[in-house]
Each structure stands twice: as structure tokens, then as C-alpha cells.
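Here the protein sequences come in this chain order: A and B. If you count the first sequence from 1, position 159 lands on 159 in our numbering, and the numbers rise without skipping. Our numbering runs 1000 ahead of the 1-based position in the second sequence.
Simulated from the structure, these hints should not be mistaken for lab results. There's no promise every hint is true.
Here are the simulated BS3-like cross-link-like pairs (lysine-lysine), alpha carbons at most 27 Å apart as the crow flies [unchecked claim]:
hint	chain 1	residue 1	chain 2	residue 2
1	B	Lys-1257	A	Lys-305
2	A	Lys-195	A	Lys-309
3	A	Lys-169	A	Lys-305
4	B	Lys-1257	A	Lys-243
5	A	Lys-309	B	Lys-1362
6	B	Lys-1362	A	Lys-195
In this text, all values refer to a predicted model and were calculated from it rather than measured experimentally.
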Amino acid sequence: MVGLLDIITVGLFAAALRMATPIAFASLGGIFSERAGIINIGLEGMMLTSAFTGVAASYFSGNPWFGVLAAVLVGGLLGLFHALLTVKFVGDQIVSGTGINIFALGFTAYMSQVLWGSRGASESVQGLRVVSIPLLKDIPIIGDIVGTHTPLVYLMLIITVLSYIILFKTPIGLRIRAVGEHPAAADTAGIDVFKTKYLCVMVSGMLAGLGGAFLSLGHLNLFAWGMTGGRGFIAMAAMIFGKWTPFGAFGASFLFGFAYALQMRLQTLELLPPQIILAIPYILTVIVLAGVVGWLKAIPPSDYKPYVKE
Amino acid sequence: MTEERRELSERNLETKELLRRFLARLELELRRIIPQVIAILLAFLAGAIVLLVTGYSPLEAYGALVIGAFGDVFGIGQTFTQATPIIFTALAFLFAFKSGLFNIGAEGQLLVGGFAAALVGISFDGLPPFVHAPMALLAGALAGGLWGFIPAILKAKLGAHEVITTMMLSYVAFYVTGYLVNYPYKAPGWVSQTPPIAPSAELPRILQPTQLSASILIAVILVGLTHYTLQKTTFGYEVRATGLNPAAAESGGISIKRGMILALVISGAMAGLGGAGEVMGVHRRFIEGFSPGYGWDGLAVALVGGLNPVGVLLAAVLFGALRSGGMTMTRVTGVPLDIVSILQALVILFVAAPMLIRYLLKRGGFKWWGS
Chain A
1 MVGLLDIITV
11 GLFAAALRMA
21 TPIAFASLGG
31 IFSERAGIIN
41 IGLEGMMLTS
51 AFTGVAASYF
61 SGNPWFGVLA
71 AVLVGGLLGL
81 FHALLTVKFV
91 GDQIVSGTGI
101 NIFALGFTAY
111 MSQVLWGSRG
121 ASESVQGLRV
131 VSIPLLKDIP
141 IIGDIVGTHT
151 PLVYLMLIIT
161 VLSYIILFKT
171 PIGLRIRAVG
181 EHPAAADTAG
191 IDVFKTKYLC
201 VMVSGMLAGL
211 GGAFLSLGHL
221 NLFAWGMTGG
231 RGFIAMAAMI
241 FGKWTPFGAF
251 GASFLFGFAY
261 ALQMRLQTLE
271 LLPPQIILAI
281 PYILTVIVLA
291 GVVGWLKAIP
301 PSDYKPYVKE
Chain B
1001 MTEERRELSE
1011 RNLETKELLR
1021 RFLARLELEL
1031 RRIIPQVIAI
1041 LLAFLAGAIV
1051 LLVTGYSPLE
1061 AYGALVIGAF
1071 GDVFGIGQTF
1081 TQATPIIFTA
1091 LAFLFAFKSG
1101 LFNIGAEGQL
1111 LVGGFAAALV
1121 GISFDGLPPF
1131 VHAPMALLAG
1141 ALAGGLWGFI
1151 PAILKAKLGA
1161 HEVITTMMLS
1171 YVAFYVTGYL
1181 VNYPYKAPGW
1191 VSQTPPIAPS
1201 AELPRILQPT
1211 QLSASILIAV
1221 ILVGLTHYTL
1231 QKTTFGYEVR
1241 ATGLNPAAAE
1251 SGGISIKRGM
1261 ILALVISGAM
1271 AGLGGAGEVM
1281 GVHRRFIEGF
1291 SPGYGWDGLA
1301 VALVGGLNPV
1311 GVLLAAVLFG
1321 ALRSGGMTMT
1331 RVTGVPLDIV
1341 SILQALVILF
1351 VAAPMLIRYL
1361 LKRGGFKWWG
1371 S
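Kindly generate the complete structure, drawing on both the sequences and the hints.
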């Protein structure tokens, strides 16, 4: 019989990194948007639409990388839409994001029915292949955890570092943060507040798009109804847990990824009913959000008020 | 003679004044309603494009939808049946929103409320209906209220953002009720559902052979109560003050935290009551995942209804029609039912940004409302 301790293996950590990838992508997306003063609750819907788009593009082209590209484009497009509604037309950010989420759920199910005759799942498509990083994979333990993955996992790690550099070590990042914290002052200093917000929310959507592409093309090789399953919201929790910093968000995403990996192993053990196991990541999110915000004093980087030029 | 004339002219003036006031009021109301109506029209227009692009005829689809929803007594009955839970979830969203909170977890609160009502419904036998049914309703409201209390207390005490927690708790509610209905309370057979509730816990059907139940009467009463509470009571004033300007409310001696917690608990209770109504009036048992998304419908309806209880009533009928007519549309034309969610989302997006509609109107040359 397999015991509880037997599931704690090196493979579990590798799975955790895999499961953390879509959450981390979306979480980084959340950071770009919120640092520029726009809440992006639509991350969930952007991920889902991109997950669908990625599969559809891979289905028609036979090339999963074409799918990734399409997913990023669609994510960016939805980001642009969110920015239009909330920046140009000063609409409510949460209402707009929720609208995007509901749209994504309906639209992807509708299109899945149109394309594959089933709203539940698409046909299997060509997914992304895993690669092994030559020297890295030979290091004991670490090599087993990070040595062999789909390229999107490595892209996520690279983008995490890049995001940190961009946001905190370059003038561009300074501008972004200024726009989020003091839009009026940023404007006076000659920064184009609106353009910055547009770009950041678009980048946010593109990153969520990468997360969606990973879910459908780097993980299951098909699109399933509502396959994001709240990961966009969990990514927001990871962003808050990580105090709106890329490394913090990655760490928190890894925690959630670990919960997902553990959940999958627990299911094979059949110690608990599947429904209870499936609820674990969501309960963990609530606990993290409740415990951490009070304890870490995570203060949002912006008051998210729409900026209106005098 | 002159006396008479003066009287006449005075009356004339009075009539004119009344007319003027009436017109001013009308203009005010129209200015409020027109953008909502335009949002709905634009959503249907955009939905028509989706239909066209995917090879369906919008005219046929929308035609089947309207005929399905309003074509005969049965359709109308089903429309109101579908509108009923939406009224509850819309009021739930509205009440929390008035206190400045986004409760996007009505779906989960509806599910736990429905399950609690079913539990009371199957647990007792031989109670008189006037005891059993209210007990089950109360259980639904309490369970929903509890599901609202968790994010409320986490927000008030620890600052956890309610948009995320209410959403997460919706998933938890889905899985927990899923567990309960698949294991301890599963009725024999392959369907994930509880045994039927006792007849004494059923809400009567009021328009046979449709599933329309007395739950809609509770919903309408709740609309009135919500309106009254928000507009005429001190508590309602506190809730609205908290939502409009928390800092001012606090310095005015209103406890924001207390207001937020109460508002979210009441919000959850309303959604829970809606779930109880579904279980007791429509299904007569708890079926796993019985809600096709009433929580989201409620959000859309609250927004389209202008965040006003009476507006909610009208908008709920529209969304009920989408759900009931949508089924006919799918059967007759083969259009996937998910077009309903697409329309719903489009309405939300257009309502989210009134400035967008104003902009489109100006572009289209309609200066009056755009001014």
C-alpha cells in the first residue's frame, strides 16, 4: 500500500513547478496591471480564452507554437479591451473583469461546440514537447525537479526574472510604478499615463495568455470546459501574497502549484473523497489570503482610481 | 368674471407646472434607463455577429428564443421560473454592492442554501407544512448567510479581498455540496442527487404544468423589503453611506466593519434563500450543480437593473427569458446554449462603461443623451 509519505518525492516537486507555471504567468500579469493602477480580475477569462485559442490554432495549423503565439495575441487583445473599458471609458474595473470572465466561459464553450461538436472538451491536438536542459538535468535532485519540462516552464522562470528587472531596475519600471502610485505626479513629470496603463494591461493579458497556453498545450493537449478552474483568481492571491513583486509572486505560485500537485497525488491514494481533495487549492487560497494580508501587511501599490486628466 | 379668469389661469399654471415636473422626471428616468436598454441592444447586436460568423441565422435564433420564452403560457411560466433564482442572486449582489463590496460568490451561496434546505426537507417527516417549509427556507438563508459571513469577517478583520474569497468559496461550495450529494446524502441510483424532500417542505407550484413555484412570491416580497430597507431604514442608510464614502461614514459614527459584515451576510442569505426556493419549489431535491450559473445571471441583472431593486425585477425577467427561451432556441436551431452566457457577458461589459455607450451614441449622431 502507498502511504502518505511516499507521495513526497522529487517528482512531486517537478509537478509542483509544472502546476505553478500557469499561476505564475497570470500572477506576473496581475502585477503589471496592478502596478499601473488597474485591477485585472479578468485574468481568469483571459487565460481561459487563450487556452482555447491555443488549442484551436494548434488544431488548424498542426503547430503548437503557432497556438502559443495566437494565445498571447488573444490575451493581449482582451487586455486591450479591458484597458479601453477601464482607462478610456473609465468603467468599473471589477465589473469589466467579471464581464470578461463570463464572456470567456460562454465563448469558449460555444466555440468548442461549433468546432468540435462538444462543449465539454476539444479533440486532442499537437501539444508542446518537453525538453531537457543538458547540464542542468544532470545535477542530482535539482536536475530532476527543473531539468526536464516544456519550454514554457523555462520561459516563465525567465520572465519572472525579467519582470523584476523591468519593474525595479529600469526607468520603464519606475514610470509604471509612478503611474500606479501617483498618476497626477507622473503626468506632471511628462509620463504618458494612459499609454503606460494601456501597455501594462495588454502585457498583463499576454502573460495570462501564456498561462492559458501552458494549461492547454503544455499540459493536457486539449481544451476542456472551464479548464482554468479559478487559477486566475488564485494567481491574484499569489500576487498579493508576493506583495506585488515578481519573485514573491513566483514563490506564492509555487506554493499553490505544490497544493495542486499534492492534490493530484492524493487522488491516486483515495484516502479522501475526490470532491474534498479538489477543494484543497481553493481553501488554501482563502487561508493564504486571510492569514497573509493581515500578517504581511500587503499594501496595494495603487488606489486603482481611474485617472482623469484635469 | 376676473375672479374666474384668475382661477382658470392659476389652474392652468398649476397644470403646466405639473406637466413640466412630469417631463423633467420622465427625462431623468429615461436618462437612467436608456443606457441600460442600449447596452442590451448592443449586446444582442454583438451576439448576432457571433451567430453569423459561426454560421447561424441570428433572426432564426433570436426568433426561436422569443417564441420559446413568451410564445405560450408554458414558455412564460418557464421564463418566470428561471427568473426567480436570478431575482434572489441579483438582490444578493445589489445589497453587498450598496455597501461597497463585490460579492461574486452568489453561485456558491445559492448552492449551500439549496443543500441546507434539502437537508431539512429530507430530515423531518410528518411536520405540518406551515412549520416545515419555513424551517427549510430559514435553513437555506442561514447556510447562505454563513457562506457570506466567512468572506465578510475575513475582509473586515484581515483585509482579505472579497472578490477573490467569495469566488474561491464558490468553488468550495460546489465541491462540498458535490461531496455531500455523492456520499452521505446520495439517493440510490446513478444520478448525484438527494432523495426527494418531504411534501410538507415543498413550495407549491402556482402555474401548472410549469415549474413556477411560490418561490417567486418570496422573491417579489424580498424586492420590496430590500428597497424599503435600503431607502427607508437607518440600517439601509448606513449601508449606502458605507458604500458611497467609507471615510465619511466612519467619521459620521457608522461602523464600516459592522456594516460590511451585515451586508455580506444578508447578501449571502438572499442567495441561499434563492437556492432553497429552487430545491423546494422546482427540483424537490438537491441535484448536484443544479444551477446553470444563476449567480452570474444575478450579477448581470443587478447591473442592468441599474442597481435598483425594481429594475432588478424587470431585468430578471429578461434574463429568465434568455434561459428559458435559450433552451427552445437550442432545440429548434441547434445554436449552442452558451450563446446565452455570451449575451450576458456582453451586457455586463456594455453596462460596465456607460461612457462607452455615450461615445458610441455621439458617434452615431444621437446628441441628446450624449450631452
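Proposed proximity, Lys-195(A) with Lys-1362(B) (alpha carbon, max 27 Å)
Judged against 27 Å, a Cα distance of about 24 Å means the pair holds.
Lys-169(A) and Lys-305(A) were given as a pair; does the straight-line alpha-carbon distance stay at or below 27 Å?
At roughly 26 Å apart (the allowed maximum being 27 Å), Lys-305(A) and Lys-169(A) satisfy the hint.
Below or equal to 27 Å on CA atoms is what counts here, so check Lys-1257(B) against Lys-305(A).
22 Å, holds
Check the hint pairing Lys-195(A) with Lys-309(A) against an upper bound of 27 Å on the C-alpha distance.
Holds, because 13 Å separates the two Cα atoms, which is no more than 27 Å.
For Lys-309(A) and Lys-1362(B), compute the direct alpha-carbon distance and say whether it is at most 27 Å.
Since the Cα atoms of Lys-309(A) and Lys-1362(B) sit roughly 21 Å apart, the hinted pair holds (cutoff 27 Å).
Given the hinted pair Lys-1257(B) and Lys-243(A), is their Cα-Cα distance within 27 Å?
24 Å, holds
Hint compliance for this structure: every hint is met.
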